[in-house]
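S.K.: Sequence:
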Amino acid sequence: MRLNIVCIPGDGIGPEIVAEAKKVLHKVADKYGHEMVFKDILMGGASIDVHGVPLTDEAIAIAKAADAVLMGSIGGDTNTSPWYQLPPEKRPEAGLLKIRKALNLFANLRPAVLYEELAAACPLKEEISAAGFDILIMRELTGGLYFGERKTVEENGVRKAIDTLTYDENEIRRIAIKGFDIARKRKKKLTSVDKANVLDSSRLWRAVVNEVAKEYPDVKVEHMLVDNCAMQLVKDPAQFDVVLTENMFGDILSDEASMVTGSIGMLASASLNDTKFGLYEPSHGSAPDIAGKDLANPIATILSASMMLRYSFDLDQEADAIDAAVKKVLQDGYRTGDIMSEGCKKVGCKEMGSLITERI
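Our numbering applies: residue 45 is where the sequence shown begins, and numbers increase by one.
None of these hints come from the bench; they were simulated from the model. Just so you know, these numbers come straight off a predicted model, no measurement behind them. Just so you know, even glycine gets a beta-carbon here, dropped at the ideal spot from N, CA and C. Fair warning: there could be bad hints in the mix.
Pair ranges (Cβ atoms, derived) [said to hold, decoys possible]:
#1 Ser385 - Lys264: 30 to 38 Å
#2 Gln276 - Val81: 38 to 46 Å
#3 Gly176 - Glu198: 51 to 59 Å
#4 Ala163 - Lys389: 12 to 20 Å
#5 Val81 - Ala146: 20 to 28 Å
#6 Asn214 - Ser385: 30 to 38 Å
#7 Thr124 - Gly96: 15 to 23 Å
#8 Glu102 - Glu160: 40 to 48 Å
#9 Asp207 - Tyr76: 29 to 37 Å
Sequences and hints are given; from them, build the entire structure.
M.R.: Structure representation (structure tokens):
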């Protein structure tokens, strides 16, 4: 298969971690007989330095013509970088919002995986963390409260702010279909999270999810109120497989889930549109303080590349090979500084990428 992949190295540690992900992908291509064609574009601070804007229309056109996008990290130190003296619409993160909108990326996937080898980093009690967990939170990304009408007014001398939460059934249906499709690739269980005891938008959400569920009789479906889900994520995270929810709930729950793993440097993510196209990136930031020092952890980006193979190209075997290689490196005791523990061998970004590549 020929895979046309646009890479956005970005800022800070971005170029380093993307380079290691490419290394792993080249090994996969060699082993499984694929052709991978990479093309880099600028976004964020790197684009501001060259073009004066965080993302050009030409870069968007190149991204649209690809099969998938693999991204490193965007942004810099908000206190010292000249990028943050610019108006908000010209700062690095504005490029990320622009590309999400241009590519119609409405489904955000955030895995939260607790590896047995890293269980000590989990902040939960040992009897909970011992069970391990592998959760995928699917968040609707382009609707809901964040995109509804909003205004601040003054009535009778009192300031009042109004934010509108709106979803239509088509927005809900398309994210539900994505959720069920991905649940079929995993353990065939989907938990839909809402606030249907209070909100009309949640009652519609639940109704549409139930309609879509009829087309997936092999997937077990349950509904859970968001406040209960927040509690259950720390009480018994192993119960979850795919968690499907709306924009604001997903924003909060995905951050909670990432923290119970104990290491944000291990967390991949994906944003998909209504085709197989997706943008894949680590959940962590650009870490400008360690950029260029070979200290970054490339695993989240490498796991994002694995997600790209699985969800944009349906190459499950190849994705499994990357996931297994990461696990084997951890089992063999290799760690970057952010996940280092006593008795393990500390390695840099490049060596970690090479170790994973060798185990493909």
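S.K.: If a hint holds in the structure, say so; if it doesn't, say that too.
M.R.: Going down the list of hints, with the structure as the test:
1. Ser385 - Lys264: 30 to 38 Å: holds (36 Å)
2. Gln276 - Val81: 38 to 46 Å: The hinted range 38 to 46 Å holds for Gln276 and Val81, with Cβ atoms some 43 Å apart.
3. Gly176 - Glu198: 51 to 59 Å: Roughly 53 Å apart at Cβ, these two residues keep to the hinted range, so it holds.
4. Ala163 - Lys389: 12 to 20 Å: holds (18 Å)
5. Val81 - Ala146: 20 to 28 Å: Given about 21 Å between the Cβ atoms, the range holds.
6. Asn214 - Ser385: 30 to 38 Å: Violated: the Cβ-Cβ distance is about 48 Å, outside 30 to 38 Å.
7. Thr124 - Gly96: 15 to 23 Å: holds (20 Å)
8. Glu102 - Glu160: 40 to 48 Å: holds (46 Å)
9. Asp207 - Tyr76: 29 to 37 Å: violated (48 Å)
When held up to the earlier numbered hints, the structure conflicts with 6, 9 and fits the remainder.
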